[in-house]
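*Asks:* Knowing the structure of chain A, use the given hints to seat chain B on it.
Protein chains: 2
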Amino acid sequence: MAQNMYDNEAFFKEYIQLPRQVKGLDGTPEWPDLQSMFPRRLEGKNVADLGCGFGWVSRYCIEQGAAKVLAVDISGKMLSKARTFPSNGITYVQGDLESFNLDFDAYDFIFSSLTLHYISNLARLLSEIKFALKPGGSFVFSIEHPIFSAPRNAKFIKDSEGHSVWPLDGYFDEGKRTTNWLAEGVVKEHHTVSSWITKLLSARFTLWQIKEWCPSEQQVKENPMWADEQQRPSFLLIRVVKDVPTLEQF
Amino acid sequence: MAQNMYDNEAFFKEYIQLPRQVKGLDGTPEWPDLQSMFPRRLEGKNVADLGCGFGWVSRYCIEQGAAKVLAVDISGKMLSKARTFPSNGITYVQGDLESFNLDFDAYDFIFSSLTLHYISNLARLLSEIKFALKPGGSFVFSIEHPIFSAPRNAKFIKDSEGHSVWPLDGYFDEGKRTTNWLAEGVVKEHHTVSSWITKLLSARFTLWQIKEWCPSEQQVKENPMWADEQQRPSFLLIRVVKDVPTLEQF
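In order, the protein sequence lines correspond to chains A and B. Here the first sequence is numbered in the numbering used here, starting from 1 and rising by one per residue. Here the second sequence is numbered in the numbering used here, starting from 1 and rising by one per residue.
For reference, chain A alone in the conformation it holds in the complex (with noise of 0.2 Å):
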């Protein structure tokens, strides 16, 4: 079973002041670019969101005309919070990504955030959600990206003259890494990217579009402590196709 830290009181506590759950889609820099990866139309598409949290990204697919979207969490705490919003269309189910089965053939669009580098079993889910596609139906999820999970300590050093630079080692010893991120013992796994990539093609998806993801001008214009982040990828974001897409289905 995939550890559950988002039960955890203290983990809880801090999680949902961070932007992206106060503010929701709003706080979530990387969102626009995620969005761009989406299929164009979502009207009338059935859509599951796998690791939905607070349902941020299920209630979008809803406003943008989805029939219908199965959002699944591990997290009961999370879910609560989710049914708190209106969620005409959405279906919410606490489960767990290691082991839950989705119906064959059902999806046109299967989406993940931040949730895969949590998962110890990637090739069963990768086949689950193939199995759950649509032919023509997209895949698009984000995880931390390999480069910002792969150090020691994984933190900004100064090199000898003053610059900072992120200190990367490790880089390919894949497994588990213990972070204390708003609470001790969170566990992640990490893989290169090439490894995640084949991954996806050992499933049979076709790669469509992949970016890596760093804060804009414009966003450290407006947090200057980000900086920083602009010299290596924080975020890798992924989209996946099960088979060709038909024009209906870009």
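Any given hint could be a false lead.
Here are the simulated BS3-like pairs of lysine-lysine, each with C-alpha atoms no more than 25 Å apart in a straight line [unchecked claim]:
hint, chain 1, residue 1, chain 2, residue 2
1, B, Lys158, A, Lys176
2, A, Lys158, B, Lys158
3, B, Lys199, A, Lys199
4, A, Lys155, A, Lys176
Just a few of them, taken from the derived set where beta-carbon distance is under 10 Å, the chain A residues facing chain B [stated by the list, open to error]:
hint, residue
5, Pro167
6, Leu168
7, Asp173
8, Leu201
9, Asp228
10, Arg232
Rather than coming from a laboratory, the hints here were simulated on the basis of the structure. Positions of the beta carbon are idealized from the N, C-alpha and C atoms, including for glycine.
*Replies:* Coordinates of chain B only, in the frame set by chain A:
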């Protein structure tokens, strides 16, 4: 026109002493991984080797039964040396890949080793390669990994605990990098991993395989000075295909 440092006396004198030039494929540590990405059968195939250098891979393809190989290099010195080896079936041509033209629908397999990171107009070359491949044909290439090419100071440093770390910065700052590798002022083009892949997808290639290379345990045992090289990738190896290969083309 592309920079041709290979015809610089000082550079060439150093260059021909590199293990990969003296020993050929046996002195090329990433060769086993590259080779594993080649189409399984080369018998009777038409091959192009872009940036062929001394022609080691061109000759390998002929040994594997390729019908003919077009071997292109910008450097007259490199080609003169290549021509001193037996080269039945290989046509050596001096050419600048910034403007070189390939015949339409002519090649089963196109290969390029550590050359594309010198090309400014990558979109033109990729489109030329796509044009020249037969349907189902493969393009396999290696480049310096973007993590390797990005930093202002591309040398390992020690962190406060005395560990070797790779001082990554400037990852998103795409464009020219001037290094003093063997000679002063060698100019390479840095792109992000996602930018490389996006250029390939934009040329309507299908991504087939991707590997990030670092020395193996065995290689580090034989070359202890390479230990740090395992902390981050040095080469990026990619196989893309034009349309989907038939079983015979795998």
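*Asks:* Now look at each hint and say whether the structure bears it out.
*Replies:* Right, here's what the structure says about each hint:
Using a Cα cut-off of 25 Å, the hinted pair Lys158 (chain B) and Lys176 (chain A) holds, with the two alpha carbons roughly 24 Å apart. A distance of roughly 11 Å separates the Cα atoms of Lys158 (chain A) and Lys158 (chain B); the hinted pair therefore holds under the 25 Å criterion. In summary, the hint linking Lys199 (chain B) to Lys199 (chain A) is supported, as the alpha carbons are separated by about 21 Å, within the 25 Å threshold. The straight-line distance between the Cα atoms of Lys155 (chain A) and Lys176 (chain A) is roughly 18 Å, inside the 25 Å bound, and the hint therefore holds.
Checking Pro167 (chain A) against chain B: minimum C-beta separation of about 4 Å stays under 10 Å; hint holds. Taking 10 Å as the C-beta contact cut-off toward chain B, the hint placing Leu168 (chain A) at the interface holds, the least distance being around 4 Å. Contact between Asp173 (chain A) and chain B, as hinted, is supported at the beta carbon level, the nearest pair being about 9 Å apart and thus within 10 Å. For Leu201 (chain A), the interface hint holds, since its Cβ comes within 10 Å of a Cβ in chain B; the closest pair sits about 7 Å apart.
Satisfaction of the interface hint for Asp228 (chain A) is found here, the shortest Cβ-Cβ separation to chain B being roughly 9 Å, below the 10 Å cut-off. Below 10 Å, beta-carbon pairs count as interface contacts, and Arg232 (chain A) has one with chain B at about 5 Å; its hint therefore holds.
The structure shown violates none of the earlier numbered hints.
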